[in-house]
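Using the sequences and the hints, build the whole thing.
Keeping their order, the protein sequence lines are chains G and H.
Each residue of the first sequence is one higher than the one before, counting from 20 in our numbering.
Each residue of the second sequence is one higher than the one before, counting from 20 in our numbering.
Derived by calculation from the structure, the hints in this document are not laboratory data.
Certain hints may be false.
Identical copies carry no separate label here, and so any pair may be met within one copy or between two of them.
What the hints assert, rightly or not - No more than 20 Å apart at the CA atoms, straight line, and that leaves these computed lysine to aspartate or glutamate pairs for DMTMM-like:
#1 K146 <-> E128
#2 K233 <-> E248
#3 K187 <-> E87
#4 K187 <-> D92
#5 K39 <-> D109
#6 K71 <-> D109
#7 K43 <-> E128
#8 K39 <-> D96
#9 K253 <-> D225
#10 K39 <-> E98
#11 K71 <-> D112
Only a predicted model underlies this, so the values are computations on that prediction, with no experimental measurement involved.
There are 2 protein chains.
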Amino acid sequence: MFIPRLSAKPMFPIVFLNGKYLDKSVATLHVSDLSILRGFGIFDYFRFMAGKPRFLADHLDRFYTSAELMGMDCPIDREELAAVVHTLIDRNDVPAGGIRFVMTGGYSENGYQPTAPNLLAVAYPFKPAPAEQFQAGCRVLLHQYERQLPRVKTTDYIEGIRLLPELKRRNADYPLYVDRDDQVRESDRSNFFIVRDGVLITPIDDILLGVTRKHLLRLAHELGIPTEERAVSKAELLAADEAILASSTKGAMPIAQINGQAIGDGNPGPMTHRLMEAWPAYGAALIAS
Amino acid sequence: MFIPRLSAKPMFPIVFLNGKYLDKSVATLHVSDLSILRGFGIFDYFRFMAGKPRFLADHLDRFYTSAELMGMDCPIDREELAAVVHTLIDRNDVPAGGIRFVMTGGYSENGYQPTAPNLLAVAYPFKPAPAEQFQAGCRVLLHQYERQLPRVKTTDYIEGIRLLPELKRRNADYPLYVDRDDQVRESDRSNFFIVRDGVLITPIDDILLGVTRKHLLRLAHELGIPTEERAVSKAELLAADEAILASSTKGAMPIAQINGQAIGDGNPGPMTHRLMEAWPAYGAALIAS
Chain G
20 MFIPRLSAKP MFPIVFLNGK YLDKSVATLH VSDLSILRGF GIFDYFRFMA
70 GKPRFLADHL DRFYTSAELM GMDCPIDREE LAAVVHTLID RNDVPAGGIR
120 FVMTGGYSEN GYQPTAPNLL AVAYPFKPAP AEQFQAGCRV LLHQYERQLP
170 RVKTTDYIEG IRLLPELKRR NADYPLYVDR DDQVRESDRS NFFIVRDGVL
220 ITPIDDILLG VTRKHLLRLA HELGIPTEER AVSKAELLAA DEAILASSTK
270 GAMPIAQING QAIGDGNPGP MTHRLMEAWP AYGAALIAS
Chain H
20 MFIPRLSAKP MFPIVFLNGK YLDKSVATLH VSDLSILRGF GIFDYFRFMA
70 GKPRFLADHL DRFYTSAELM GMDCPIDREE LAAVVHTLID RNDVPAGGIR
120 FVMTGGYSEN GYQPTAPNLL AVAYPFKPAP AEQFQAGCRV LLHQYERQLP
170 RVKTTDYIEG IRLLPELKRR NADYPLYVDR DDQVRESDRS NFFIVRDGVL
220 ITPIDDILLG VTRKHLLRLA HELGIPTEER AVSKAELLAA DEAILASSTK
270 GAMPIAQING QAIGDGNPGP MTHRLMEAWP AYGAALIAS
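Following this line, the structure appears as C-alpha cells:
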C-alpha cells in the first residue's frame, strides 16, 4: 500500500470511514471507487471551535440535500452523522479545527454504476487565510465558468485547481466565476457580496448556497443592514462600493481588487468592517451544544 | 483497510500503481488524494486483443495531451507507460480485455493544491454492450449538458452517472448531450455520427476527440465514404438517415431511437452496417506490435 507524504504526526490522527474510526495513515479507498474513476462524490466542510461544530445543522441539511440531488443514499442518518462529528472531535482531542464529510459513488465493478457509497469524515487543523487578505483585502480574477449542478456541493473542483497557476501568474488570490451572460456567480470555494448605496447584495440563483452566506445575511439583518438576493452583473460588481468573499474558512473577507482594478478606494470599506467585526461573536453563539 | 465488494477472484489480479505491480485487492489511494477530495483526475481507456493493445499510440497521445491541458506532469514518460501496458498484459496472462490509465492530483495536505500525481493502470475483462443494441440499434435520450474542458478526458462523469436512473425510467440506453445552442455534442462515453445523403458527418468542436471516432473516419475514407467534420444540430440529427455511437467499447453502434422517435426507418441503416462489418478487421490490423 502507498502511504502519502503527510506530516509525520498528523494533528488529527483519527478519521471515520464507513462506520469505523481508523488511524489516518491507513484510511484508504480501493481504486475501484467512483470518486477515483469518475469524480462522482459530494462533500461538506465546517469548522469546530471550543470542541463544538459551528452551524452543524446547516451543513447536515446541505450534505443530505447534495446527496438527494445526486441520487445517493447516505449509509447513516442525520443523527448518526452528527454523532460521528462529536466522536471525531472527542477522539482527536483538539478543541478547534475543520471537519470534512466526503461521500463517494462507492466501489464499482464496472467502473460506472454506483454501489453502496463510501462515507468518510476527516478532521483537520484550521489554517486561516493570510492575515494580509483580511487587512488589505484579497485580489480576485474574473473567469468565465459555470459550476455544474450549482446547488450541489460536488467534489468537482477541476476548474478551480486548474486555475491555481494562472491566479499566481496574474497576482490574484481567488477566482470569481462569471457566466456566459456576464453575471457573477461565485468563487471556487466562496460566495460573494457587493455593497452598493448601503445595501448588501448577493446572488441567489445558480450558485452553491453557502452556509456563511446565509449567516452573513442574517447578521446583516440583525445589524439593520438592508440586503438583496439577486443577480449581480460584472459591470455592477466593478462599480460596487465594496465587495466581499464569504466562506466557512474566511468568514467575511474584503475584496480589494478585481482583475487588478480597485474596488471602491481599494481599501476594505465600512460595511465590510462591520460584518468582519461582528462575525466571530455571531458564529460563536451558534456552535452546536 | 476496507476491501471492496469485488468478485472473489478478479480475472486481472495485477494492477500498476506508482511504479509497482500490486495485487488488485491492495490497490488503494489514501483519502487525501485529490481525485477523492476534489474530483481532480484524468484517464484513458483502450482495448487489447491477442495480447496486444489496440490504437495504443492514439491513447498515449490523448493521455499526455489531457495531462498537459490539466497542468499535470505524468511521473513516467510515454515509452515507460507503453511498457507498463505490455507488462500488465503479460503478468495478467489473459489475451483480451481493456486497460485504464488514471492519473490523479496526488496526496494533498491542504486538500486543494496538487502534488506529485498518483498514476494507476488497471486491466479489466472486456464486457461488450448487449448484442441487441448492435442488432436492433440503441435508444438515446437527448439531454442538455456541456462537458467541462471537452478536449480533456477528465474523470468527471457526474452528469452521466447521475442520469442513469432517468435513462432507465425513459427506456433509453445512453444520453446524447445537447448544448445551449441546440448543437448535439457527444454521449457520456461515446462520440456520435449521422449519415445524411450518403455522407458520414460528426462534430469536431467542443467534444472529446475519440480514438474510435478518428479511426471510423479513416475507415470511411478507405471505403470511399465521404465525410464531414462539423456541428450537427438537434434538428439535423432527428432528420438524419442513420445515426451511430462510437467508442472503444462499442466500435460503431447503430442508434435506433432518439427520445423514442425512430431514426430513418428505425432499423440500422446500410452505411452503419458497412462500418460495423469492416471495423473488427480494421482495428485488428492496428494493434500495437
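Verification of the hints:
1. K146 <-> E128: Cα proximity of K146 and E128: across copies only (12 Å, versus 38 Å in one copy).
2. K233 <-> E248: within (11 Å within a copy, 48 Å between copies)
3. K187 <-> E87: For K187 and E87, the Cα distance is within 20 Å only across copies (18 Å; inside one copy 36 Å).
4. K187 <-> D92: Result: close only across copies, 18 Å inter versus 39 Å intra.
5. K39 <-> D109: within (15 Å within a copy, 38 Å between copies)
6. K71 <-> D109: within (10 Å within a copy, 54 Å between copies)
7. K43 <-> E128: between (26 Å within a copy, 12 Å between copies)
8. K39 <-> D96: within (15 Å within a copy, 39 Å between copies)
9. K253 <-> D225: Cα proximity of K253 and D225: one copy only (15 Å, versus 25 Å across).
10. K39 <-> E98: within (16 Å within a copy, 42 Å between copies)
11. K71 <-> D112: within (11 Å within a copy, 55 Å between copies)
Violated hints: none; the structure is consistent with every hint.
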